[in-house]
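Here are the chains, one letter per residue:
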Amino acid sequence: MRIVIAEDTVLLREGLAGLLEDAGHEVVARVGDAEALLVVVAEHEPDLAVVDVRMPPDYDHEGMRAAADIRRDYPQTAVLVLSQHVETRYALELVATGGGFGYLLKERVLDVDDFLDAARRVCDGGSALDPEVVATLLAPQSHEDALRELTPREHEVLALMAEGRTNAAIAKRLWLTERTVETHVRSILGKLGLPTSGDDHRRVLAVLTYLRASAA
Amino acid sequence: MGGVRIVPRLAACGLALAALILIVGGVVFDQIAAAKDVPGSGAWWLYPFLLAAVLAPAVVGVLIAVQRPANPIGWILVLGALSLAAVLGAQPYAWAALEAHPESLSGGSWAALVSSLWPVFFAWPLAIVFVFPDGRLPSRRWRPYALFAAFSIALLVVLLVLSAKLESPFEDVANPIPARWPDALGFLRGPVWLAVFASLFVGTAAARRRYRSSEGIERLQMLWLAWAALLIPLGIVCFLAWGFVLGKPGDAVLAVMLATQAAVALAVGVAVTRYRLYDIDRLINRTLVYSAVTASLGLLFAAVSLLAGVVVGHGSTWVAAFAAVVAACAFGPLRRRAQAAVDWRFDRPRYDGLQRVRAFVDDVREGRREPEGVGTVLAAALRDPSAELLFRLPASEAYADAVSGVVGDPPVDGRAVTQVEHRGQEIALLLHAPALLDRPDLLRSVLTEASLAIEIARLRVEVRIQLAEVEESRSRVVQAGYEERRRLERDLHDGAQQRLVTLGIVLRRLQLSLPREAQILKPALNSAVDEVGHAIEDLRTIAAGVRPPRLDEGLAAALADLARAAPVPVEFEATHERLPPQVEAAAYFVACEAVTNAVKHASPSHVRIEAEIVDDALRLVVVDDGIGGATVAGGTGLIGLTDRVEAQGGTLLVYSPPGAGTRLEAEIPCGS
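So the protein lines, in turn, are chains A and B.
The end of the first sequence is residue 215 by numbering that gives the first Met the number 0, with every number in the run present.
The end of the second sequence is residue 671 by numbering that gives the first Met the number 0, with every number in the run present.
Here chain A stands alone, though its shape is the one from the complex:
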């Protein structure tokens, strides 16, 4: 993959780049703020941009806004946003509106395989949502919440789905067969009133859209 990195802390930026290069990816540009990020994306049209949420000058949500701009203007470039803390609103907004977007806490980088898997997923047009964010989404908000209808196992499956994982990955994680996972998924979609057709990515988006609507 051809990757650009936008991160204002130099050591962290170099560490990330090294990590990705160790895995055989090509880091074509490293920048420290959102403005420079947009320039290098326009220049290199990379496969993936790894973006820090808070960057100069205001340390507000520059990374998030730049991510939205990139997804709109360069559909072939996926974006993986790294954040210091859990934030649902913007993340869900971007992840649920289409594939090719991921949102992870920074420390997920330390689980290298999982991180590289997430990067690969978003590059393929899938999504990646941090488990911490998913957990906040899956907390039932009221008595009538359809999430209360799910069994504990279905809950687990739904969480992994929301993180953006494929049925195969879920099956591997939970030590289940893919068929069993498929059964759970159908049951979940039925309980939430979502269409059961479509591929993994589409189902994930449907789930996220559902969660976003119920959290709003």
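Check before you lean on any hint, since a few could be wrong.
Unchecked claim - Restraint-style ranges between C-beta atoms, simulated for each label pair:
hint, chain 1, residue 1, chain 2, residue 2, range
1, A, E42, B, D614, 51 to 59 Å
2, B, D490, A, G97, 30 to 38 Å
3, B, G544, A, E44, 41 to 49 Å
4, A, P55, B, A659, 53 to 61 Å
Treat the hints as calculated values from the structure; they're not laboratory data.
Heads up, the beta-carbon is just placed ideally off N, CA and C, and yes, glycines get one too.
Assemble chain B onto chain A, guided by the hints.
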């Protein structure tokens, strides 16, 4: 009011009394002369004219001189009355002494001389028209005219005193003064008369000039005098015309001239009393009140003495003492009644104003109205819609109104400013229409009546302002606390946490790049990275305790995290509307501490949080089913919650009966 002013008062009264004695004496001697059929005497129908001509200037003069000894008007009037009385009284005495009883009365020729000096009739009205009402000439331009008038009258008097022949009806009496005016200068009499005559017109012109150039109250005051002054030259014209047509002028002409004298004095009196010049109305008002009180007390004393005398027996000192006590007790209420009655009859605005203020003070005492309304009541009582009351705040030396609080310095906008004092201290300023300055008595009495209410209102306004300051300061402190938490949270996330992540990456890369022979280090590096991960997690928990970052997404998001992280089941229902950040922060921390408290002290099985907007306020309810018995003062952290809520202008209530759970209700206004 000190003893200094008693001398001019006594002098004025003495002079007026002397004038009265002279004119009454004149009437008496006229009767004596009439008894002997002296020609010209006994014209009794002239007596009222004589008395009026003397009494009018005397009474008006005394009133003014007593109230304003420094103003020459009063003295001019009193001396005018005296000179009139002397000239008018001298004539009958001269008749009595020269013709009726020459053997027993002496000084007849001197009296005849004095009665010849009748040009003094014109001296005092002339002085009045030049200097009324402030005691000064209208301008420097009038000075030569005034000097000319004074000089011509003086010259005329000298001419009369030094002439060989006295005036009618004493043409045959020898002048008792031996010095003689040279006959060669006799021709002067005509021109001097003409000069006096001209001066009278000039004086009238001066008064009319002043009338035209004055405005407001002074114009109304001058109006009366300007017309009355015209009477004097008209009277002389009339007198001359009479002389030409009918020959010798008779008593009728004298009556006309006396009437004009009285008219000028009365015009001054009317101008002074009607337009409240020199505070005369207050004097009259007091005189009326105290006369009425004295008369009533006398009657009361007499009635009580009589009654008690009949019951107990005559001559007892106890009876007199009892009557005196009754009279003394009756003084206060009687004075108030009399004052009210006099005001009602003679000064309606003052009566109504005082009634209004008294009713208000009663209402305040009974708790029916708030003392802060005193400003509005004063505006109504003084009939001045522009009136505004500013309370003085002793602590800050600033002024404040009852509605909007501190106003700093009083505005300068053309309104007059009157200080209100209570026990010698300035307690307020009244801004009012300048016209009210013409009624200082009204202003003073209404303000005095209202001063207690003003003082109470002032203290309340001050306490309220201070309380607002304290509340504002607490709000700032709490606000600063929130800001500090936010800064700290950012520092933790952007500083320490980033370094830990970097450290983890370095370790991970080291682990991944280990050569085959160093694979034995792999598990150690693995657990080191795990430790770093735990450290990051701990750090995030700490940062979230300082200030949950999800507060940026709204109260509902932050409460969702709180519910998820709590060790007991927490159910919550929260508004998704965004509120001012300090309101969301306050509500979050209240909910957070309430849950922590419940978990720590009440061992509940279940906690429920509700946050909804009711009437533009956030209503937060936290209910648990624990052991209850929590109190705000019990050192359970609830006092901190009260501070947080009240700093936002809200209220916090805790119901916690032992054994029945705890219900905490906070209401935080969302406005501004």
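> Do the beta carbons of A/P55 and B/A659 sit within 53 to 61 Å of each other?
Replying inline: With Cβ atoms ~55 Å apart, the hint holds.
>> Assuming the hint says 30 to 38 Å, is it satisfied by the Cβ distance from B/D490 to A/G97 or not?
In response: holds (35 Å)
>> The hint says 51 to 59 Å between A/E42 and B/D614; measuring C-beta to C-beta, is that right?
In response: Taking Cβ atoms as reference, A/E42 and B/D614 lie about 56 Å apart, which means the hint holds.
> That 41 to 49 Å hint for B/G544 and A/E44 (C-beta), does it hold up?
Replying inline: holds (44 Å)
Consistency with the previously given hints is maintained throughout, with no hint failing.
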